[in-house]
Amino acid sequence: MAAKEPLGVSAFAPAFRERSGEPEWLGGLRRDGFARFSETGLPTNRDEAWKYTSLRPIARAKYEAAPANDDADISDLPARMLDGSARAVFVNGRLAPSLSDLSGVSGAVSPLNDILDEDWVQSLLTADVDGAQVMYALNAALFDDGLAIRVPDGETLSRPLEILYVAAPGDRALMWHPRMAVDIGANASATIIERHIGPAKGAYLANHGADIRVADGAKLTHAKAQLEGGEGRHLAMSRVSIGENALYDNFVLTLGAALSRNEVAAKLAGADSEVRLNGTYRLDSRQHADHSSRIDHSAPGTRSRQVYAGAIGDNGRGVFQGHIVVDQIAQQTDGHQLNRALLLSDHAEIDSKPVLEIYADDVKCSHGATAGDIDDDQLFYLRARGIPAEQARMLVVRGFLADAAEGMGDEAVRTALLAELDAALGLEGLQ
Amino acid sequence: MLEINDLHVDVDGKQIINGLTLTVPAGEVHAIMGPNGSGKSTLSYALAGRDGYETTSGTATLGGSDLLDLDPEERAALGLFLAFQYPVEIPGVAGMTFVKTAINAVRTARGEGELSALDFLKLVRARLKDLNIDEAMLKRPVNSGFSGGEKKRNEVLQMALLEPKFCILDETDSGLDIDALKVVSDGVNRLRGPERGMLVITHYQRLLDYIKPDKVHVLAKGRIVKTGGPELALELEENGYGDVLAGLAA
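Chains as they are written, first to last, in our numbering: chain A, 1 to 431; chain B, 1001 to 1250.
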């Protein structure tokens, strides 16, 4: 009797194909990626790393690879999140040059497909990183398009870069697997802010993969506003390597999608390097959002800070999994993680799973998780000043969520993200 | 103005206010003094409409309108203001956002329409200047990490901005040193006027050196047991509450 096929493999097999004209290494990466996916299939609750987030519904959805949209015509793009930023626009996972404005950054930002033969791209995409997930392997097998960002040593990306991913799925369930490669050279710096948007109706799967290197003394601010459509599913995995005295400052705002998982695997490879992973999520009816991270402290004197705060209403469900590994060599590690959840209904759920794996003896590590109801004292205080109950609740939620954003070091980015949050809470115009 | 008649209030099934009757006419400042546990804070919360403070009988009206059936925000719109004994910290919400939301909510409820951004800013700057408060305070999250003095000044600022008809000051002197007490009292005194009534709730006479009351009431076991002029406060300061309470038992 034939063994049962791993979940979802036949659903994705039609999208996997040999591509002519690609470098040999990429062909190998794609074959390895699909082989890995074929072995295990879509993750379900049986996989420890996916204990609270099953991708079983994805197997049933029968997503087709989105066709090329040569004449992407999206007339009503939202205004840029940051004044003066450059913007790359993707529609259904493919770069739309006619909608993009890369003036001032065109030397540093390129379509990934145009520079696949460059060594740095190969070295980033093929680097081994602990904790890489099977959906990331599937992204390698299937990506059609992507963006490559390279800031040379000692330079600063002259404008912040917004990457706007627009979903326009139409009648059929579509999927796309965009890739991003980012190389911030020694003592260089850049600000990248992703925004993912989609319509209320229309099923799709966006499965993102990113490979990021922050070299010695460099700084990367990398933020994301996930405002996918209500029937959208959003998976994203970033693998980040951080050099000596470098900083990777990451923030994710999760508001959209029926199902989402944002995962970061960061390796503090150089001494005295730092990673900040912060996030805020607001979930409602039938929304499931998973924030997972793995941080490897692989050098002495490294620091990690993670604060995720979520407000979950109706029957929404939030998941936080934070895994910190401290290598034997990584003395004087300082690692902290915290997940705080506000449960706004009796059916809301939060699952927190912190894991600390420590092999060094001189370290400071902590983790914490809280779950609770809206603070009655705060609510009464606001109402006693004349603010109606529902608006007062929204303000309390806003305050709870915004507090986590304090960890994002770049004030302009923080303000832009909070503006998105306020719009979602119906509090726009208050700042 | 504020009329309370035979008020009974339960908290967690326990009767704390026990037949309290009190009238504060417009333009007057009355003080309520009482020992710990006499029901001072319960009275202020019950008047402001906090959940869990159940009125079992009696009435309370402000300017003739019944207070007790209203939500806290409706009482605020009617012109009632409670300066909290322990102002609440709200991290993540800027003070400016908070006062703007409150002012516009109250104006909307009164059918006055929201203030334009410019008019709002003018109003805020004028009140900040009156009270000699730096605008930086409103850029910080509400009360978050504030000192005791800053919190109480913030309460007075909100009071000045919302222009209530009636103010209840719940132990406004608690946690204040003498300098902060003077600053806060000056702010309160600026708001005294012929149209506005105030109820100053305090354990100590000290506050009443700075906010001179027209009348002083002694609260014990949930009701007013003695009423007099400002001299009553001095008497209590000298002799403690023992005499009054002993007289009650007799």
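Calculated directly from the structure, the hints in this document are not laboratory data.
A couple of the hints might just be wrong.
To list a few chain A residues with every Cβ distance to chain B over 12 Å, as calculated [to be verified]:
1. 9
2. 104
3. 158
4. 388
5. 406
Reference excerpt, derived from the structure (chain B facing chain A, CB under 8 Å, subset only) [claimed, not checked]:
6. 1048
7. 1076
8. 1091
9. 1102
10. 1105
11. 1106
12. 1242
13. 1243
14. 1244
Ideal placement from N, C-alpha and C gives every residue a C-beta, glycine not left out.
Checked hints:
For residue 9 of chain A, the shortest C-beta to C-beta distance to chain B comes to about 45 Å, beyond the 12 Å cut-off, and the non-interface label holds. Every Cβ of chain B is farther than 12 Å from the Cβ of residue 104 of chain A; the closest lies at roughly 32 Å, confirming the non-interface assignment. Once the 12 Å rule is applied to beta carbons, residue 158 of chain A is consistent with being away from chain B; the minimum gap is 30 Å. Not every Cβ of chain B is farther than 12 Å from the Cβ of residue 388 of chain A; the closest lies at roughly 5 Å, contradicting the non-interface assignment.
The claim that residue 406 of chain A is not at the interface with chain B is violated, since a C-beta of that chain comes within 12 Å of its own (minimum 8 Å). A cut of 8 Å between beta carbons decides the hint on residue 1048 of chain B: the least distance to chain A is about 5 Å, and the hint holds. Taking 8 Å as the C-beta contact cut-off toward chain A, the hint placing residue 1076 of chain B at the interface holds, the least distance being around 4 Å. Annotation: interface hint on residue 1091 of chain B holds; nearest CB of chain A at approximately 5 Å, less than 8 Å.
A cut of 8 Å between beta carbons decides the hint on residue 1102 of chain B: the least distance to chain A is about 4 Å, and the hint holds. This hint holds: residue 1105 of chain B has a C-beta 5 Å from the nearest C-beta of chain A, less than the 8 Å allowed. Given hint, residue 1106 of chain B at the interface with chain A, holds; its Cβ is 4 Å from that chain's nearest Cβ, closer than 8 Å. Hint on residue 1242 of chain B is violated. Least Cβ distance to chain A is approximately 34 Å, over the 8 Å limit.
With a cut of 8 Å, the hint placing residue 1243 of chain B at the interface with chain A is violated, because the nearest CB-to-CB distance is about 35 Å. The interface hint given for residue 1244 of chain B is violated, since its Cβ lies 31 Å from the closest Cβ of chain A, which is over the 8 Å cut-off.
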